[in-house]
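Engineer: Top line first, the protein sequences correspond to chains A and B.
Residue numbers for the first sequence follow this note's numbering, beginning at 1328 and rising by one.
Residue numbers for the second sequence follow this note's numbering, beginning at 1328 and rising by one.
These are calculated hints, taken from the structure and not from any lab test.
Please note that a few of the clues may not be correct.
Copies of the same chain are indistinguishable here, so a pair counts whether it falls within one copy or spans any two.
Taking lysine-lysine pairs in the DSBU-like style, the calculated list, with each CA pair at most 35 Å apart, reads [said to hold, decoys possible]:
| id | residue 1 | residue 2 |
| --- | --- | --- |
| 1 | K1576 | K1619 |
| 2 | K1685 | K1428 |
| 3 | K1695 | K1576 |
| 4 | K1695 | K1377 |
| 5 | K1565 | K1667 |
| 6 | K1456 | K1695 |
Listed here are the chains, written in short residue letters.
2 protein chains.
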Amino acid sequence: MEGSIIVGQSGGPTAVINSSLAGVVKTAKDRGAKKIYGMLHGIQGFLDGKYVDLSDYIQTELDVEILKRTPSAYLGSCRYKLPEIHENTEIYEQIFALLEKLDVECFIYIGGNDSMDTIRKLSDYAIIKGYPQKFVGVPKTIDNDLAITDHTPGYGSAAKYIGTATKEVIRDAIGLAYDKDIVTIIEIMGRNAGWLTGAAALAKGEDCPGPDLIYLPEASFDIQKFTKKVKDLLKKQKSVVVAVSEGIKTKDGKYVCELGNDNGYVDAFGHKQLTGTATFLANTIQAELGCKTRAIEFSTLQRSAAHLASRTDINEAFAAGGAAVKAAFEGDNGKMIILKRVSDDPYQCTTDVYDVHKISNVEKLVPKEWITQDGTYVSDEFISYIEPLIQAELIPLPVEGIPRHLVLDLTKK
Amino acid sequence: MEGSIIVGQSGGPTAVINSSLAGVVKTAKDRGAKKIYGMLHGIQGFLDGKYVDLSDYIQTELDVEILKRTPSAYLGSCRYKLPEIHENTEIYEQIFALLEKLDVECFIYIGGNDSMDTIRKLSDYAIIKGYPQKFVGVPKTIDNDLAITDHTPGYGSAAKYIGTATKEVIRDAIGLAYDKDIVTIIEIMGRNAGWLTGAAALAKGEDCPGPDLIYLPEASFDIQKFTKKVKDLLKKQKSVVVAVSEGIKTKDGKYVCELGNDNGYVDAFGHKQLTGTATFLANTIQAELGCKTRAIEFSTLQRSAAHLASRTDINEAFAAGGAAVKAAFEGDNGKMIILKRVSDDPYQCTTDVYDVHKISNVEKLVPKEWITQDGTYVSDEFISYIEPLIQAELIPLPVEGIPRHLVLDLTKK
């Protein structure tokens, strides 16, 4: 018998963030946790007093299985940054009072960089004030930009989606291009890190040429050189497909999307809201080369397409959730679960715990040597790194032809 | 032993157009066709003398099986309208000379409305000139706008994709919407017919509220009423998801997407920025209601996402291809294969042949009575009609984690 735990989800959704939640619930249950609470909409909802007793909602083994196949945050997510601990102790006291009230021993937070920042602050505060609760983070982000961990749960499924969808878009374009050239620009998420955009290279294989050009935000983007490249490619082929990150910038640091559209919307973390890189480039090519162009954004589906999730990713997300509970119950505090690649071939991966201070607020970019010299593709090393992460499927459970999800029905209890 | 046949694909790709091709090849082979030719890029490529002997390329049973799981036109497609038969007999003589040269008895064309127009003209010309070839069409379009046939191969898979993707987008938005409202506008293909947009309703179920509003092109669109609807919905929920057809028009017949382009906005390079319907509406809502909005276009994936195809659709497409070969060899001419729904519950469907003159150039729209009175949703009858078409899956064959396709490698022979 262990004490009670509380778990929350935060940041942008992924296809497997609920698999981590399922892992948390499973291990907590197996270890006999007194209560398993879920914060609604992360720490922000918790501060509003919103939480549930998960045993009222995730009850059967079938529930757990469907939860693993359900995209987006089952508990609801938030984008909420805690103040520094010296800035506003009230808010911290409020949180710890709630934890005391619920008699919670372990606090598990599934999220990305900003969520690990939350774990860091809460564990620091607990240590300083002598509170007994343990805080452990479970990595989650399609962006794969967390430090130390080999990769992040959520990335493999997003990469599998991007590789597959890119391949289908390429087939579509090749099938249609005959008397007229078609240039397709695919815009992929990832403001600063090109991990997702590089995954478009997965489309390449015996049966597909893959994208012709791939532009990551780590390399500066030159519109003239780009137009020239496309023009040259069109001399030998009818369809050209280009994958670009939403965050590509020109040499002087300007976002390409802003060249076409100067809207300055900023989110709670000061991130600029980017849209329209593909549209801008498609318009440019159309104007410069006079050919038919198409701008495609993979949109929120790249993080929510659980119907195309990687089984490897689902399993690792599940394992990371369970490992976090184990670590917290065994006394770890201010830690994040990391994935350690033990072997490349055959691929083997285990979990470990790591000091969250060394992870939060550090952004892992694609290494320069994994981008080709002219900045228009990723290297074979990149593909070798990513390939094991997209292997195998966990087929959705279709009901009436549409994948079934487990959803939190607050009227159910 | 039968004579030789030639088959071509035309118009916009679908996820199952190759399943029809597989059906053509299989039945032609089974009946002992002398030669099975494939036109490259439809009648347009054929006129350029481009065709292959398919026995060089589709050889094994495994090839046929993978072809059924390969999206887009294996043979290449075209968008080419033949002149009226009295306008340019030269072009017709050119085609028939090629058919004579290849000793082709049957001409099978897999396509939509324009392709059936091709079948009509070629069969008319053959009859008038006393040429012996038989011309039979296989229906194919995600738009489902062909007359007489209960539905078209390609529609079920597109509908399954739209229903699933809409559900995942809804989950994503619900998971994130907490302190701020999020309005998501999904733009779906179908300029005149709302069959695809209505399929967004498939997302609705025990575990999903479905889209809040659905706007088909068959009903006129009122921007003020729409904004008011969204505003009212935001009083009781944080996330509002709207599905709109790319072709919705205002009462005076103006495309909504053109309203946005009317402002003549030009980017820094002097290029006109073309916005879609969803982007225009998202911008409108953001400006009017001040909330976060998101515009999502399902893009070419709605017609190419073979990874989420409907098995029912794949099987019907395959059967339609086979039925066309059978009909042509048995003397049918100027016909299209139609799908006949024999029973609703349990769903049963067979093929039949029908005079192509009564089908080509007729556009089947969603019946008015299948759209709710205020024009913001589809009726239960619509959903009952569509549900059988999306049932069951034909799982892609992933190689290295990405679905494998069969592609025409012209260097292979």
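Engineer: Taking the hints in turn, state whether each one holds.
Structural biologist: Hint check:
no. : hint           : verdict
1   : K1576 to K1619 : both (24 Å within a copy, 25 Å between copies)
2   : K1685 to K1428 : within (31 Å within a copy, 74 Å between copies)
3   : K1695 to K1576 : within (16 Å within a copy, 49 Å between copies)
4   : K1695 to K1377 : neither (44 Å within a copy, 45 Å between copies)
5   : K1565 to K1667 : neither (43 Å within a copy, 39 Å between copies)
6   : K1456 to K1695 : neither (43 Å within a copy, 67 Å between copies)
The structure shown violates the earlier hints numbered 4, 5, 6.
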